[in-house]
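Residue numbers (UniProt numbering), protein chains in the order written: chain B, 1 to 410; chain R, 1 to 410; chain D, 1 to 410; chain H, 1 to 410.
Some clues are possibly wrong.
One copy or two, it doesn't matter: identical chains are merged, so the pair holds either way.
Said to hold, decoys possible - The calculated SDA-like cross-link candidates involving lysine to any residue, where the alpha carbons are at most 20 Å apart (straight line), are:
| # | residue 1 | residue 2 |
| --- | --- | --- |
| 1 | Lys278 | Val396 |
| 2 | Lys135 | Ala229 |
| 3 | Lys137 | Lys317 |
| 4 | Lys228 | Ile10 |
| 5 | Lys408 | Ser331 |
| 6 | Lys205 | Leu264 |
| 7 | Lys152 | His86 |
| 8 | Lys278 | Ser344 |
FYI, nobody ran anything at the bench for these hints, they're computed from the structure.
Just so we're clear, the structure is a prediction, and the values are computed from it rather than from any experiment.
Here's the letter readout for the chains.
4 protein chains.
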Amino acid sequence: MKTPTNKVKIINDPIYGFITIPNKLIFDLIEHPYFQRLRRITQMGMSNLVYPGAHHTRFHHAVGCMHLMQKAITVLKNKGVVISDHEKNAVCIAILLHDIGHGPYSHALEHSIVDGVSHETISLLFMKELNKEFKGKLSLAIDIFEGKYERKFLNQLVSSQLDIDRMDYLKRDSFYTGVAEGNISSERLIDMLNVVNDQLVVEEKGIYSVEKFIVGRRLMYWQVYLHKAGVVAEKMLVNLLARAKYLANKGEVLPCSKALHYFLYKEVEETFTLQTLKTFSRLDDYDILSAIKDWISHDDKILSLLSEMIINRNLLKVQLSNEAFDDEYISKIKNKMNQEGWTSEDLKYFFVEDTISNQAYNDISSKIYLYYKNGDIVDIVEASDQLNIQALTKPVVKHFLCYPKGIKLA
Amino acid sequence: MKTPTNKVKIINDPIYGFITIPNKLIFDLIEHPYFQRLRRITQMGMSNLVYPGAHHTRFHHAVGCMHLMQKAITVLKNKGVVISDHEKNAVCIAILLHDIGHGPYSHALEHSIVDGVSHETISLLFMKELNKEFKGKLSLAIDIFEGKYERKFLNQLVSSQLDIDRMDYLKRDSFYTGVAEGNISSERLIDMLNVVNDQLVVEEKGIYSVEKFIVGRRLMYWQVYLHKAGVVAEKMLVNLLARAKYLANKGEVLPCSKALHYFLYKEVEETFTLQTLKTFSRLDDYDILSAIKDWISHDDKILSLLSEMIINRNLLKVQLSNEAFDDEYISKIKNKMNQEGWTSEDLKYFFVEDTISNQAYNDISSKIYLYYKNGDIVDIVEASDQLNIQALTKPVVKHFLCYPKGIKLA
Amino acid sequence: MKTPTNKVKIINDPIYGFITIPNKLIFDLIEHPYFQRLRRITQMGMSNLVYPGAHHTRFHHAVGCMHLMQKAITVLKNKGVVISDHEKNAVCIAILLHDIGHGPYSHALEHSIVDGVSHETISLLFMKELNKEFKGKLSLAIDIFEGKYERKFLNQLVSSQLDIDRMDYLKRDSFYTGVAEGNISSERLIDMLNVVNDQLVVEEKGIYSVEKFIVGRRLMYWQVYLHKAGVVAEKMLVNLLARAKYLANKGEVLPCSKALHYFLYKEVEETFTLQTLKTFSRLDDYDILSAIKDWISHDDKILSLLSEMIINRNLLKVQLSNEAFDDEYISKIKNKMNQEGWTSEDLKYFFVEDTISNQAYNDISSKIYLYYKNGDIVDIVEASDQLNIQALTKPVVKHFLCYPKGIKLA
Amino acid sequence: MKTPTNKVKIINDPIYGFITIPNKLIFDLIEHPYFQRLRRITQMGMSNLVYPGAHHTRFHHAVGCMHLMQKAITVLKNKGVVISDHEKNAVCIAILLHDIGHGPYSHALEHSIVDGVSHETISLLFMKELNKEFKGKLSLAIDIFEGKYERKFLNQLVSSQLDIDRMDYLKRDSFYTGVAEGNISSERLIDMLNVVNDQLVVEEKGIYSVEKFIVGRRLMYWQVYLHKAGVVAEKMLVNLLARAKYLANKGEVLPCSKALHYFLYKEVEETFTLQTLKTFSRLDDYDILSAIKDWISHDDKILSLLSEMIINRNLLKVQLSNEAFDDEYISKIKNKMNQEGWTSEDLKYFFVEDTISNQAYNDISSKIYLYYKNGDIVDIVEASDQLNIQALTKPVVKHFLCYPKGIKLA
């Protein structure tokens, strides 16, 4: 039995200094195995192959979000926004748990093993289970997480164009990758937050911090999240897991942990059963990577080669373009691959054609509002002194091809 | 086949900015699977249970060392120290590979699975294997690593009281843990290096940087490396692996990866065979942690409980003291444990009595010398204006006990 | 006589760490009274009234520029650009001295006391004087400063859209003001520089650093350089000095230092005589501010009130607008002022109508070029993935009015 | 008349980000000319001759202290220490104004122009004047400043071995000089503060932060505050001002500002009259430096040469020693100076013999107490694990001589 003595109440964070855990409920949620699992899931998946410092975890991000949320609530209360202790606690829990449903290499997983079930859905399932365990104390947090609470600004703090989630992950990812271009001023932004008519707004003088936030986010997308080596590594992982699933369906033996075995050999229903959820709660980066390491010596050549390439960071070549590649060019590459002995089955796994896109500011899904001293509330796109931010609302699409490095077109 | 195009020549580092890989030999060493393995071995073992930001890897540390070494060589050459390109390359390779023999949770491993074989020994084995593969190009690096090269200062840059290894890891560990007290000024120290009579020295005006280095190192030991929660987690891991080895010896089945299986079920000889080395090169944090996760449901209660405790961060209680605990007190705890149902077999694994110690500056093994304008060369202990540094040469020992949290002495 | 012993060769800089002075010529230039004067001229004029940390001097900026220039030359030489030691020295001197002609509160001065003589002109005069003193050793530096040297990229390093001047001052001003939005990555930018066909270019992968540079520059303009309180303080200083000059012309006695007296009471010719230059070399912030302090008790009410307002940071009110203010509105304010006892003579000094403007990237005067692996050289405006940077080429103009705080329009 | 609109309520600080001015009373104190004067007094006097970044002002330090004090009070209140709003405000005002009596180049002044009147005395005079103006609202602040308030820990926050003053100035001076060795963790220290039996204590786990604070303070003394070039510059300034005062006493004309004239020509009584105080409130760095610049062309050779040397940073040579210099050696230098034409009158100003000393932790004047979980309260000297801190309680004295650079002893 664990006793309440010796409880760690302060967490060291290289970014914010000390993070304080405000009360026993939140402490117990952090101690819960469902949450502790996030210690073993990296925030940025395969990106550490490109940025070797990027090994920070979803655990750290979640705790960082809770810290910023406490700060945001304090700022808003100091400005006269009435927020009850119950609401404060709920919004802190909502942000703490918002990513609890992320699996290992989340996006890769969602496109292979738990096909069709988003991490948001799983987060909600975990929160509901925890709510049972904690006797209903998470109900308001769940409402806020689902965006259903009547006080809209609390939902917006958890999920919107300028939510606490983004404020932490942009800053944190910039810090750990060393890509200074994305270092936004989260604490300055939070100091400028306010609430008008139940709408989260940024005070007038925060306009340049918002601009830097949007520009910084865009730069992080191009330099980090959509970095071509990171993208190809993820594609290779998707293909690898798809191959593993295909072999499992055929009944082949794949050495791996029990939790991963469950997801490889069972068709996962769209609505998780409790057993599926519990098994998912034991699945993390370590199951995936240690299996891949063992698969290097598997008899299936495709599985084996993809495994070796990922482990030894021997990635496919990537070609990037502003326009779609024409069919002729693609055929040329495929023919060349055939000539060099790659079968059409191989091509399913070692040739990729896809797109990446980046929209720094999506003014349709939700907006960032500036609040002027004269009472006006204006969308940042209009408030900004020129076309600059408006330009950033246009999504940019890039096309890419991946194929083995040896393939040379004369 | 990998082609030389698209080679990453610059590595992002949150601490130093850009790290440049100076030439193809070093590039190829970094790309080698032996070295890429270090991407999957954390620098600080279980410390991330205490400092959640401390997930940086031995890969990153090794590359950071190479960067600082390049800087040190440039500084020395600018001061007129003659260093050939061959020597520069060799000392960079020596520091790059100095930790290549570290296994996962190195210290835990050395006390359980590869009992008696130090990571330095294994590093040397890897370097010799690589030297064969790279046709003798690593010979001088190996001499320097072994401290056998005739130009002593090059050996000292790789291993001494003020070596590049410490300059990187203190700074890096401080950065990732967020423990600002240990943030030493590596780049200032390097700027002050010089060589006199083949001895690495620090110029006079660097005296305060050296003092800060020694004091910072001591603070990092107490706050981080010897943090009681980290120490107990490592002890628990040692006990867990010892239990696994014990069960393996008895012939029990332990689900785990092939590489870990090899080391659990085979008695490892003091001098690794090539097969042992190759298997070791496939062993990393992922083998250990994913096995532990599966062992939570193992039939052996001791193995299962230790596994669950480590995975869910439910650690033993630690009691610290400046003096040794008296036998009576220890008996009391053990009796209490017996009363609560822990058997004497259990006690081998769930009760720990041990010491930790810290010596900030060891003036016997080697010294840090200051170089004065008038030509004098003085040990920092004597140069420092008072007893301060001398005080730090005295090793400090602390005693500790670990036992289950539920155990209360009336 | 000063002897060459004990020469400080390393300068501490909070931004770059240590700055090394590379040789005796540069050391002697830094020691020269003409250059030492820059220690007494703040880089940002009246901005410390808004940003209290902004007390850094033109001395520090100039030395920082020299440091970055050394780094830039090293980077270019490592990439194979041939640069002789003579050229390296010259371009370092050119950047070191590029601001030596700045007077105290430069822009204010140029609009009042040394009307019509730009600081660039005066810098050139100083450089020519120093060239005589140092027996022609500055000739090449002067050519580069004047943009006349045949190797264009050296001139561009000193003066262009992406010159070393901007790289230092944006970073430095961001550091000292605490406005993180302007913290550009000077060292990353420099690492990406190259020279193609005698044109300074930025390598392809530096595109996001360039974008951040342009965006950061724009943010610094709006948040710092054109901050309304800073702008009004400067306007008030212009008016104050104009009043002093007016009174001097009338023959009134104005207590002040000898150097300031010279410029107040003498009509300064467009081409400085040697005497004017020598007197200018003794004029700095201390002459101006200590005079203003004494003028608080001057009989002239306008001079006295403006002096008191500046010293005690009691600034005029500023009103900002995207459009020009209409005449009717302006008349209203002036009438109100008249009603409250301000004469039309007063209005010349206490009412201001003016504009400020900001153009983040001026693609007409000169361009920033990106250099692609395939050999293409492309203007950043076209290279950027969208309208974002193009938007920033449009100058933005804001109109403002200043008048006493007490003036209220019903 | 100034209206309350447009009040700046947030101050940018490069160290802490935003500093909030909590209420109108504090805002009005900051706006007061007595306090605004601190904008024109550098925190570190002549140190910018050594560390060119060190131009930060006493204004900025005072405001930074107020910020840290607000944080400290919040931390203590969160730990259950009862502090009324009135007390909070008073302790913030006490720290805000604690340095308001500093004159320009304070220590130099105290040894020349306002001989015998300490800045603490003058601070108290200003606070009493302001208390009249603000109708008694500063009474409690004054009690705390004088150490007379019944709740001792509030006095200790303002003045003790670990007061808010030191926490700000060590951090700030380290930041602006770039001497990273002194970068203490003010915010971590504050997080560890607590109050037991009306005594300010640091919680047990803050022990290493306290150690770093003491060691950092010592390093800042040797590297910055007692840097030999800074020390000699200050000595020269003392001698220069003493010479000016001597000439003034003789009735010679010394061009200077009115405020400086008052202090040069009048014998200042130990207890300032109101007129003296008001004149002092108009005296700042600008009066001193602009006078010195004009004195370069004064007829008195001693005044003129000292002025020229300070302005052009042509300092006396310094010789440092752990022991006192013997009389014979001193005579040798003086004789040599005589031979080279320096008269005995000159020697009073151009030859200095003095000592500097440094005591990192003074355990007699007051102590830093650690607070253990078991309730123990222990002096840091005893709590520290070894002799390290005890060593730092011993004062270290160094002897130095200053004389013209040209003087060479064969």
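Here's how the hints hold up against the structure:
1. Lys278 <-> Val396: neither (39 Å within a copy, 46 Å between copies)
2. Lys135 <-> Ala229: neither (46 Å within a copy, 31 Å between copies)
3. Lys137 <-> Lys317: neither (50 Å within a copy, 29 Å between copies)
4. Lys228 <-> Ile10: between (38 Å within a copy, 15 Å between copies)
5. Lys408 <-> Ser331: Cα proximity of Lys408 and Ser331: one copy only (13 Å, versus 73 Å across).
6. Lys205 <-> Leu264: For Lys205 and Leu264, the Cα distance exceeds 20 Å both inside one copy (53 Å) and across copies (40 Å).
7. Lys152 <-> His86: Close inside one copy (16 Å), not across copies (37 Å); limit 20 Å.
8. Lys278 <-> Ser344: So Lys278 and Ser344 fail the 20 Å test inside a copy (38 Å) and across (34 Å) alike.
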